[in-house]
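Residue numbers (this note's numbering), protein chains in the order written: chain A, 167 to 284; chain B, 167 to 284.
No lab work stands behind these hints: they were computed from the structure.
Note that the structure is a prediction, hence the values are computed from the model and not measured.
Possibly wrong hints are sitting among the right ones.
Which residues of chain A face chain B? A partial, calculated answer using Cβ under 10 Å [claimed, not checked]:
#1 189
#2 192
#3 194
#4 200
#5 205
#6 216
#7 227
#8 233
#9 237
#10 245
#11 255
#12 265
#13 272
#14 274
#15 276
To list a few chain B residues with every Cβ distance to chain A over 10 Å, as calculated [stated by the list, open to error]:
#16 185
#17 206
#18 230
#19 231
#20 234
#21 238
#22 241
#23 248
#24 265
#25 266
#26 274
#27 280
C-beta: ideal position from N, C-alpha, C; glycine also.
Letter by letter, the chains look like this.
Number of protein chains: 2
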Amino acid sequence: MPTGTRIDVTSEQLDAVAFNADGLVPVIAQDIDNHEILMMAWMNAESLQMTFDEGRMVYWSRSRQELWRKGDTSGDRQFVREAYYDCDGDTLLFKVEQEGAGACHTGARTCFFRQFGS
Amino acid sequence: MPTGTRIDVTSEQLDAVAFNADGLVPVIAQDIDNHEILMMAWMNAESLQMTFDEGRMVYWSRSRQELWRKGDTSGDRQFVREAYYDCDGDTLLFKVEQEGAGACHTGARTCFFRQFGS
Numbered sequence: 167m168p169t170g171t172r173i174d175v176t177s178e179q180l181d182a183v184a185f186n187a188d189g190l191v192p193v194i195a196q197d198i199d200n201h202e203i204l205m206m207a208w209m210n211a212e213s214l215q216m217t218f219d220e221g222r223m224v225y226w227s228r229s230r231q232e233l234w235r236k237g238d239t240s241g242d243r244q245f246v247r248e249a250y251y252d253c254d255g256d257t258l259l260f261k262v263e264q265e266g267a268g269a270c271h272t273g274a275r276t277c278f279f280r281q282f283g284s
Numbered sequence: 167m168p169t170g171t172r173i174d175v176t177s178e179q180l181d182a183v184a185f186n187a188d189g190l191v192p193v194i195a196q197d198i199d200n201h202e203i204l205m206m207a208w209m210n211a212e213s214l215q216m217t218f219d220e221g222r223m224v225y226w227s228r229s230r231q232e233l234w235r236k237g238d239t240s241g242d243r244q245f246v247r248e249a250y251y252d253c254d255g256d257t258l259l260f261k262v263e264q265e266g267a268g269a270c271h272t273g274a275r276t277c278f279f280r281q282f283g284s
C-alpha cells in the first residue's frame, strides 16, 4: 500500500507561497510516473500544511467551503512525492502517486479528458 | 521555424469554459515533448480566442491588465499543439512547443524550478 512522503518545508519556502485575496492558491497535481496532469484544485494555508504533514493531497473545496481530503470518500487518494512552487509563488505543483481508478470525480484518470477541436 | 496549430473550437466547447468572476480562466502550459509543466497563467475570452486562432499562447496579464502575447518581448513563444478543458470547465490545459530558452521570465525552462523540502 502506498504512503505519502512527508515534506519538511522551511519557513522561507512557506513564506514564498502567495495566497490570493480569498486565502487560496491553485495547485496542479501531476502523475509522477506518466507525467499526466491529473487535476487542478485549490488549497488554503491549513490544507497545504496538512498536505505537507500527511504526505497526501488535502485541498480546500470552494464549492463546499471545507477541507477536502482527496480520496476519503472515493478512495482515490493522492500520495505526495515532490512539491514545487513557481517563480512568483502563486501556483504550486505536486507530483503525486494516484491511487485507484483516477483523479476525476467522473471516474476518468485525469480531469482533462475533453479536447478542444472538431 | 515552428508555427502554431490553429484549433477550430466548437461553440459547445467554448460554452463549456467557465470563466471566474473576473472573466478569467487558469491555463496550464505543458511541454508536449518532455511533459514538463512550464507555467500557469490566465486567459480571458479574448485571449483564449486569439490563442485558438493564432495557434500560439496569448494570456491575460493580471498585473499589467493587458493582453500578453507570450514571447513578443522575450522571443520565447509557445506554439499550441493540443488543448484540453477539465471536467468542470474551469481550468484549461495546453500542450505546447516552447520556443527559446524557456517559459519563465527568470530564464528558467519552467516556472516551477523551486522545490519544497530541505
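Evaluation of the provided hints:
1. 189: Nearest chain B Cβ about 16 Å off; hint violated.
2. 192: Cβ of residue 192 (chain A) sits 6 Å from chain B, so the hint holds.
3. 194: holds, 6 Å
4. 200: Holds, because the Cβ-Cβ distance from residue 200 (chain A) to chain B comes to roughly 8 Å (cut-off 10 Å).
5. 205: holds, 7 Å
6. 216: Status violated, d = 14 Å.
7. 227: violated, 12 Å
8. 233: violated, 19 Å
9. 237: violated, 16 Å
10. 245: violated, 15 Å
11. 255: holds, 8 Å
12. 265: violated, 18 Å
13. 272: Check passed: Cβ of residue 272 (chain A) comes within 5 Å of chain B, closer than 10 Å.
14. 274: Holds, because the Cβ-Cβ distance from residue 274 (chain A) to chain B comes to roughly 7 Å (cut-off 10 Å).
15. 276: Hint holds; residue 276 (chain A) Cβ to chain B Cβ min 8 Å, cut 10 Å.
16. 185: holds, 15 Å
17. 206: The claim breaks: residue 206 (chain B) does not keep its Cβ more than 10 Å from every Cβ of chain A (closest is about 4 Å).
18. 230: holds, 14 Å
19. 231: Holds: least Cβ distance 16 Å, greater than 10 Å.
20. 234: holds, 14 Å
21. 238: Residue 238 (chain B) is indeed farther than 10 Å from all Cβ atoms of chain A, at 19 Å.
22. 241: Residue 241 (chain B) clear of chain A: closest Cβ-Cβ about 18 Å, beyond 10 Å.
23. 248: Since the minimum Cβ distance to chain A is about 6 Å, residue 248 (chain B) lies within 10 Å and the statement is violated.
24. 265: holds, 18 Å
25. 266: Residue 266 (chain B) is indeed farther than 10 Å from all Cβ atoms of chain A, at 16 Å.
26. 274: violated, 7 Å
27. 280: Violated, because the least Cβ-Cβ distance between residue 280 (chain B) and chain A comes to about 5 Å, which does not exceed 10 Å.
Hint compliance for this structure: hints 1, 6, 7, 8, 9, 10, 12, 17, 23, 26 and 27 are broken, all remaining hints hold.
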